[in-house]
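Peer 1: Based on the provided sequences and hints, a complete structural model is requested.
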Amino acid sequence: QQQVKQSPQSLIVQKGGISIINCAYENTAFDYFPWYQQFPGKGPALLIAIRPDVSEKKEGRFTISFNKSAKQFSLHIMDSQPGDSATYFCAANLLSNYQLIWGAGTKLIIKP
Amino acid sequence: DAGITQSPRHKVTETGTPVTLRCHQTENHRYMYWYRQDPGHGLRLIHYSYGVKDTDKGEVSDGYSVSRSKTEDFLLTLESATSSQTSVYFCAISPGTTSEAFFGQGTRLTVV
Numbered sequence: 001q002q003q004v005k006q007s008p009q010s011l012i013v014q015k016g017g018i019s020i021i022n023c024a025y026e027n028t029a030f031d032y033f034p035w036y037q038q039f040p041g042k043g044p045a046l047l048i049a050i051r052p053d054v055s056e057k058k059e060g061r062f063t064i065s066f067n068k069s070a071k072q073f074s075l076h077i078m079d080s081q082p083g084d085s086a087t088y089f090c091a092a093n094l095l096s097n098y099q100l101i102w103g104a105g106t107k108l109i110i111k112p
Numbered sequence: 001d002a003g004i005t006q007s008p009r010h011k012v013t014e015t016g017t018p019v020t021l022r023c024h025q026t027e028n029h030r031y032m033y034w035y036r037q038d039p040g041h042g043l044r045l046i047h048y049s050y051g052v053k054d055t056d057k058g059e060v061s062d063g064y065s066v067s068r069s070k071t072e073d074f075l076l077t078l079e080s081a082t083s084s085q086t087s088v089y090f091c092a093i094s095p096g097t098t099s100e101a102f103f104g105q106g107t108r109l110t111v112v
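In order, the protein sequence lines correspond to chains A and B. Quick note on numbering: this note's numbering labels position 111 of the first sequence as 111, and the sequence is numbered without any gaps. Quick note on numbering: this note's numbering labels position 86 of the second sequence as 86, and the sequence is numbered without any gaps.
Please keep in mind that the hints were generated in silico from the structure rather than gathered at the bench. Predicted model only: the values in this text are computed from it and were never measured. Do not take every clue at face value.
As the list claims (entries may be wrong) - No more than 35 Å apart at the CA atoms, straight line, and that leaves these computed lysine-lysine pairs for DSBU-like: (1) Lys15(A) - Lys57(A); (2) Lys57(A) - Lys11(B); (3) Lys68(A) - Lys57(B).
Peer 2: Okay, structure coming up:
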């Protein structure tokens, strides 16, 4: 019930295409859903986050889509660029809890 | 970049020896976390702290202990290092449980 399942494990997208990474959860008490981006040799950094009271949040080329009834959320990267090549992690958090529950990560490669 | 420093950045140690990793922050954030990152497992929480001398276990705490005697320092100790503890260790800090978590650069630990 505490798991967050992330797919795919790896993804190759052509430059200019749309990258889509999906996450699913079971615990309906989760109320904060961030996405983190990690470059090789660096720690993860917050990319974008959403609360379950909205269905979509957009920041530049990055969009989170949230489907509360399906208990799924996804990251869309529009006009993907080689600089977007990184590992992406979804996560979820309970308001009453001190810790994030992490997905296993998706390695994204954008081909020029 | 958030003021968070991990030391050492790299360490090679022998099986059975004790090892201490240090996380130092200058942001005065309440929450501090230790994660390990291994291929295929994403980020797994080892221990976390929600205040000075207030710590609790994460999902992979066996073989690890922590201490937080000051707001700015969070120490992770491997009491008797084993090869299974070879990993990249990340410290993270956060002002709140649903706020952005800031990660350090990581410590690559090899147990031989």
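Peer 1: Determine for every hint whether it applies to the structure shown.
Peer 2: Hint check results:
With a CA separation close to 23 Å, the supplied pair Lys15(A) and Lys57(A) stays within the 35 Å bound. At most 35 Å may separate the alpha-carbon atoms for a hinted pair to count; Lys57(A) and Lys11(B) exceed this at roughly 41 Å. Taking the CA atoms of Lys68(A) and Lys57(B), the gap is about 30 Å. The hint holds against a cut of 35 Å.
When held up to the earlier numbered hints, the structure conflicts with hint 2 and nothing else.
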